[in-house]
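Asks: This is what each chain is made of:
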Amino acid sequence: MSKLFFFIFFSLVPLLCNSFSPEKPSDRRVLVLLDDFAVKSSHSLFFNSLKSRGFDLHFHLADDPKIALQRYGQYLFDALILFSPTIERFGGSVDAAAILDFVDSGHDLIVAVDTNASDLIREIATDCGVDFDEDPAAMVVDHSGYAVSATEGDHTLIASDDFIKSDVILGSKKIEAPVLFQGIGHSLSPSKNMVLKILSASPSAFSTKRNSKLTSPPSLTGSSISLVSVIQANNNARILISGSLSMFSNRFFRSGVQKAGSPTKHDKSGNEQFLTELCKWVFHERGHLKAENVQHHKVGEANTPAMYRINDTLEYSVEIFEWSGTTWEPYVADDVQVQFFMMSPYVLKTLSTDGKGNYFTSFKVPDVYGVFQFKVEYNKLGYTSLSLSKQIPVRPFRHNEYERFIPAAYPYYGAAFSMMAGFFVFTTIHLYHK
Amino acid sequence: MEHIQQSSQSTTEAKWKGKATAQVKESNAEQIWPCIEDFFGLDKWFPGISTCIPLEGISGQPGCVRFCAGFKTPVDGHDKKTVNWTKQKLLSIDPTRLTICYSIIDGNVGFHSYVSTWNVLPKDDGCEIEWIYEVEPVQGWKLELLDSFIHNGLQVMAQRMQDALKTLEQALRVEVERLNKQSGGACLRFCLFKFETPRNALSLLSLFLSSLRSSIWPSMAASDAHNGASVRHAFGSVLAFFILLLIGVLAFSIRLFSVIKYESVIHEFDPYFNYRVTQFLTKNGIYDFWNWFDDRTWYPLGRVIGGTVYPGLTLTAGTLWWILNSVNIPLSVETVCVFTAPIFSAFASWATYLLTKEVKGVGAGLTAAALLAMVPSYISRSVAGSYDNEAVAIFALIFTFYLYIKTLNTGSLFYATLNSIAYFYMVCSWGGYTFIINLIPMHVLLCIVTGRYSSRLYIAYAPLVVLGTLLASLVPVVGFNAVMTSEHFASFLVFIIIHVVALVYYIKGILTPKMFKVAVALVVSVGLAVCCAMVAVLIAVVASSPTKGWSGRSLSLLDPTYASKYIPIIASVSEHQPPTWPSYFMDINVLAFLVPAGIIACFSPLSDASSFVILYIVTSVYFSGVMVRLMLVLAPAACILSGIALSQAFDVFTGSIKFQLPSLSGHSHVDAGEASSESVVTNDSVKTDKSEDTSKERTSKKSKKKEKELVEKPLSKSQIKKRLLVLPLETSIIAIILLVLLGAFYVVHSVWAAAEAYSAPSIVLTSYSPEGGLHVFDDFREAYAWLSHNTEVDDKVASWWDYGYQTTAMANRTVIVDNNTWNNTHIATVGTAMSSPEKAAWEIFHSLDVKYVLVVFGGLVGYPSDDINKFLWMVRIGGGVFPHIKEPDYLRDGQYRIDSMATPTMLNCLMYKLSYYRFVETDGKAFDRVRRTEIGKKHFKLTHFEEVFTTHHWMVRIYKLKPPKNRIRGKTKKSKSKASSKTASKRKGLKRNPF
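Respectively, the protein sequence lines represent chains D and R.
Position 299, counted from 1, in the first sequence is what UniProt numbering calls 299; the numbers after and before it change by one each time, with no gaps.
Position 327, counted from 1, in the second sequence is what UniProt numbering calls 327; the numbers after and before it change by one each time, with no gaps.
Calculated from the structure, these hints are not laboratory results.
Note that beta-carbon positions come from the ideal geometry of N, C-alpha and C, so glycine has one too.
Possibly wrong hints are sitting among the right ones.
What the hints assert, rightly or not - With a cut-off of at most 30 angstroms between alpha-carbon atoms, the simulated DSSO-like pairs for lysine-lysine come out as follows:
hint : chain 1 : residue 1 : chain 2 : residue 2
1    : D       : Lys364    : D       : Lys173
2    : R       : Lys72     : R       : Lys44
3    : R       : Lys261    : R       : Lys87
4    : R       : Lys941    : D       : Lys380
5    : D       : Lys375    : R       : Lys17
6    : R       : Lys283    : R       : Lys166
7    : D       : Lys290    : R       : Lys166
8    : D       : Lys390    : R       : Lys15
9    : R       : Lys839    : R       : Lys960
10   : D       : Lys375    : R       : Lys87
11   : D       : Lys268    : D       : Lys280
12   : D       : Lys280    : R       : Lys17
13   : D       : Lys375    : R       : Lys960
14   : D       : Lys375    : R       : Lys72
15   : R       : Lys965    : D       : Lys290
16   : R       : Lys25     : R       : Lys123
17   : R       : Lys283    : D       : Lys24
18   : D       : Lys349    : R       : Lys72
19   : R       : Lys941    : R       : Lys962
20   : D       : Lys380    : R       : Lys44
21   : R       : Lys965    : D       : Lys390
22   : R       : Lys15     : D       : Lys24
23   : D       : Lys375    : R       : Lys15
24   : R       : Lys962    : D       : Lys380
25   : R       : Lys962    : R       : Lys870
26   : D       : Lys380    : R       : Lys839
27   : R       : Lys514    : D       : Lys298
28   : R       : Lys87     : D       : Lys390
29   : R       : Lys44     : R       : Lys17
30   : R       : Lys72     : D       : Lys390
31   : D       : Lys290    : D       : Lys364
32   : R       : Lys123    : D       : Lys390
33   : D       : Lys349    : R       : Lys965
34   : R       : Lys851    : D       : Lys390
35   : R       : Lys962    : D       : Lys290
36   : D       : Lys290    : R       : Lys658
What the hints assert, rightly or not - Part of the chain R face toward chain D, derived, beta carbon under 7 angstroms:
hint : residue
37   : Lys87
38   : Asp295
39   : Gly302
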């Protein structure tokens with residue numbers, strides 16, 4: 001085992017230089033922690049789709065004492081897949097805090113749980129903003145949105161087609177077939193938009209213990225139940241949390257699906273397309289933006305000044321690109337805005353784009369001096385957030401930049417000079433003509 | 001020494017000029033001179049003058065004015081009804097060269113620009129009186145007429161003087177012999193001259209002494225009395241010059257204790273800003289300085305330094321540095337800044353000398369200069385390193401006053417212009433210039449009200465207002481304030497009044513009294529109506545502005561309770577508090593007792609100059625009572641008055657001693673002198689004997705000239721005296737010893753204050769351990785150095801505003817607020833953050849892009865002026881703008897405490913937490929040595945801040961704001977029993993990221 005580990009480690013060394021970087025944001029090395037190596041084969045379709053896109057998958061049992069996320073301060077992996085819903089304690093030095101640190105340092109995470117998820121996994125999920133049903137035995141039951149199957153059972157196998165409407169996350173191709181789901185539901189912290197409900201349960205769903213009578217109202221009901229959620233942290237690390245491990249399985253991938261009450265029967269469930277596209281998003285193959293080359297200067301000048309003057313007209317430009325998985329492509333949108341900000345935005349302008357990733361605008365500096373910032377806060381659903389700020393002081397007029405003569409003041413100039421002339425004449429007369 | 005009035009000498013070329021001389025055979029120049037010098041005694045000598053009375057000033061002081069009337073002129077017809085009169089002003093007087101110069105400033109004989117000079121020229125046989133005169137052609141006169149008029153007059157004068165001197169000699173001789181027989185030469189008796197008037201008695205006394213001296217030192221007096229006097233006088237001037245030089249050296253060197261005891265370093269808070277500005281000035285030049293927009297302070301508002309700073313100090317030091325460098329003396333800017341204040345203290349002492357000399361003569365001037373050189377109040381603001389506006393402003397203040405008095409005494413437009421320029425320098429230097437622009441109008445008004453209006457007053461005042469206001473508005477920080485704010489209204493009001501008065505005087509001159517009365521009645525009735533209307537408009541305009549046109553600081557001057565009621569930011573500064581009684585003793589020491597004597601001395605005789613000094617002391621005493629900082633304005637006034645008092649007292653005592661010492665006499669003449677002085681006082685001796693104090697005061701009231709004459713040149717001076725009061729010898733000696741002791745006490749106190757009390761630079765603290773070792777606390781610089789080495793250039797540091805200047809100057813980091821408290825809201829924001837719980841504070845600071853928070857904490861070493869002690873002001877200032885901060889929340893039963901009885905709000909506010917974080921780890925008990933108690937909450941963690949640096953003695957603690965949370969947590973779960981979920985819920989219980 002140790003040999004194997006060392007082999008893995010040394011095989012990874014060349015990859016270190018190819019690790020996650022701002023230049024190539026896609027993940028490459030993925031650690032997969034399993035409860036049981038059987039999952040590796042039972043979910044092989046999913047894993048193979050990852051491998052085919054160039055990911056290095058490293059499978060380990062979750063309680064393998066050799067596993068380590070980092071060595072000498074360097075993370076060994078770019079992403080982590082936790083397919084070990086029942087694990088109580090990870091092997092090696094890994095624990096919940098280590099996994100959260102892994103995320104906080106910008107790495108991605110996929111967590112899939114099942115009923116009877118362990119407290120450890122629940123804790124990780126909670127720290128990411130997702131609360132699984134507190135009852136460990138609870139499952140999501142939907143008596144109207146269940147998948148019609150041969151074994152007419154307890155309606156825990158749900159066919160859901162209530163996807164989030166985002167082409168960035170789920171790809172531009174519409175997912176026709178419903179997605180099969182069997183597992184535990186979770187709720188999201190309200191009022192936080194960091195967590196997104198990707199696949200939500202139908203209004204008729206509820207979460208309850210399997211095969212038991214409903215004695216009290218279920219804690220989770222209706223469409224507030226999320227089946228699959230993603231989180232994009234502030235540092236753009238992405239987390240996928242699914243209440244069902246089996247939805248990744250080959251069985252669900254292959255099986256046909258017919259939603260109860262729906263006449264159409266699909267030959268193949270939507271799971272494969274849904275999860276493949278979702279993983280592309282989670283592993284930063286899509287929806288990852290970068291902004292660079294921020295430039296600003298006065299109209300008609302090329303150099304960036306150290307300071308603007310009030311009422312200057314300036315030009316601001318920034319280049320925004322999106323990562324396509326292999327190359328940086330120009331990002332095209334019409335809703336990128338720049339703020340000229342000092343405690344509150346004084347100017348808020350939508351940037352125009354030339355379609356080649358270049359965004360630009362021009363505006364007049366407000367008639368207020370102070371230390372301003374050019375701020376681009378771009379938070380669009382599914383995209384990594386862009387937050388650029390560049391400090392620039394704005395000074396008042398210099399003493400010799402004011403108008404020398406104001407037309408409105410000519411009466412006063414006249415008064416002053418006539419007064420002087422009059423005084424001179426008066427003095428002369430008074431002194432010399434007695 | 002004195003200046004001949006320029007304007008009157010340099011008029012038209014077509015002036016009549018002439019010269020007359022008269023020989024005096026039997027008296028020498030020294031004997032004749034007192035008669036000439038007696039400016040108010042012309043009626044005794046010049047033929048036909050029936051009246052000669054003093055109008056202004058002291059006889060023998062340039063600027064004094066006499067009124068002469070009753071003489072006949074050659075052009076008068078026999079039908080002439082009115083009496084001829086003139087007002088003549090003494091322009092200059094020089095007892096060494098025996099020359100006197102005066103002009104006719106007013107009169108009904110048609111003389112314009114009349115200037116004449118009398119010279120007494122020593123001859124082998126007696127002397128010669130020379131009368132040089134010039135005048136604009138007079139209507140109805142001929143030059144020949146004038147020549148003969150003056151020539152005849154002079155001849156008569158010379159004769160009369162000679163006669164009088166002869167009479168004197170005879171009379172004295174007889175008297176002396178008689179008294180010698182009577183009393184056997186008793187030396188210590190009071191005596192009285194039995195001559196016609198006391199002042200003649202005095203002149204004659206000195207004449208007598210002069211002849212006495214001739215008999216004692218025949219070699220000196222007989223051969224060349226004139227030269228002897230010149231030498232003596234020259235010696236006095238040289239002595240005065242060297243005394244002044246030494247005073248300058250003293251003023252400079254007494255302020256060097258801080259450099260010797262500590263190091264050559266800029267002190268305190270504001271000086272650091274000034275230093276930074278000076279660095280900018282020397283690096284970038286004056287235009288960039290003028291237009292400097294500083295983006296490192298008041299983030300994100302920035303500050304237009306060029307437009308909001310008084311540039312005088314910076315420009316002065318910058319110029320000094322530039323001059324030194326251009327003559328290849330490569331001093332650093334810091335060195336120049338450190339020593340600017342001592343240099344200007346020397347200048348200030350010299351300016352004090354000039355001012356006091358204008359008021360009461362050289363002796364008082366020197367005394368006042370010496371006192372000012374070491375007055376503790378001024379030392380506190382001008383030790384080496386105390387590079388603050390006051391360092392140069394006090395010099396500018398005194399110098400402006402000097403020039404005002406000088407203008408007032410001479411009526412010279414030249415000095416008036418200089419005065420405006422000095423005022424401009426003052427405006428450049430310090431906001432205290434409003435004191436000048438209110439005090440001078442007050443004095444002008446006082447002069448007008450007391451009937452002392454003169455053209456000199458007009459010349460002293462009108463140019464100052466016009467030029468001064470124009471110049472003041474050139475200073476960017478003042479700008480339109482020079483005409484818009486109420487602080488300046490008084491000067492304009494008085495400007496109007498003085499013109500009205502001038503007009504009235506003019507009209508009075510051209511109208512007959514009857515017509516004048518009618519005119520007055522007419523004008524007063526119309527004028528009153530107009531005035532009422534104007535005043536109503538003015539009040540309406542002023543009242544329409546919210547602060548009634550007054551700035552907060554000025555209002556707090558007029559109403560001492562204003563600041564504490566309405567402006568906590570002004571009240572929070574310790575130097576804006578009213579002083580305590582001991583601080584008067586600390587800061588002006590014995591001067592406090594001498595000032596009343598000086599005031600009395602100024603009252604007799606009351607001249608324009610002395611009334612100004614009285615007004616100055618009265619107003620500055622009031623202002624110093626409002627704000628301890630303005631003690632600084634009081635100090636020069638106290639020094640001047642004490643100088644006058646001391647000098648007068650010394651003059652009286654030494655005069656008495658000299659007058660009575662037998663060793664001086666040795667001849668029968670002296671006995672005569674004493675006998676005569678005995679008879680001087682017998683008339684007044686009842687009073688004198690009754691109360692020595694009264695007599696002392698009274699004597700000191702006599703112009704110091706008399707004493708000087710007795711002390712320095714008893715033989716060459718004569719004075720107009722109503723009485724001569726001489727004190728007994730023993731009393732005089734004891735009093736002199738006491739005065740010297742008093743002075744010694746003052747010197748000892750001043751040196752102690754300079755060395756111990758006021759030299760600490762306050763960025764480096766020292767303490768003596770019980771074993772006698774010296775312990776240095778250099779935490780401030782340690783912290784600022786840490787900031788400058790370990791943080792990014794653009795990082796923002798938040799602290800209470802006290803430390804803003806130092807942070808920008810020493811750490812070169814952007815601050816949120818600093819000691820230039822121009823934006824109350826911004827300061828209140830920081831105060832609110834400091835008074836809020838951690839999370840709210842984090843949000844406020846984060847919205848201001850703050851990266852680091854700096855607090856000053858003295859609890860470990862017992863440094864009392866730390867942030868916890870200032871904290872209530874943060875609460876008040878914060879609560880003034882953000883009402884959710886309430887002061888009572890931080891007080892337990894009205895008491896400010898940080899122990900276990902403190903309120904929860906107090907124990908949870910950011911300032912408490914940042915100050916006391918990990919404090920319990922120092923001694924295990926968390927005992928605060930400043931508050932002398934154990935703190936209330938000892939063990940706590942910070943959630944939104946992390947400690948990044950704490951200095952050696954924990955005096956400065958720097959915290960960093962934690963970044964916003966990367967993730968959000970799920971809902972807090974309550975009902976979990978498993979151990980693992982307990983830890984989870986514990987973590988969830990922590991504060992959430994606000995974003």
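Asks: Under the constraints set out in the numbered hints, which ones does this structure not fulfil?
Replies: 1, 3, 4, 5, 6, 7, 8, 10, 12, 14, 17, 18, 20, 22, 23, 27, 28, 30, 32, 36, 37
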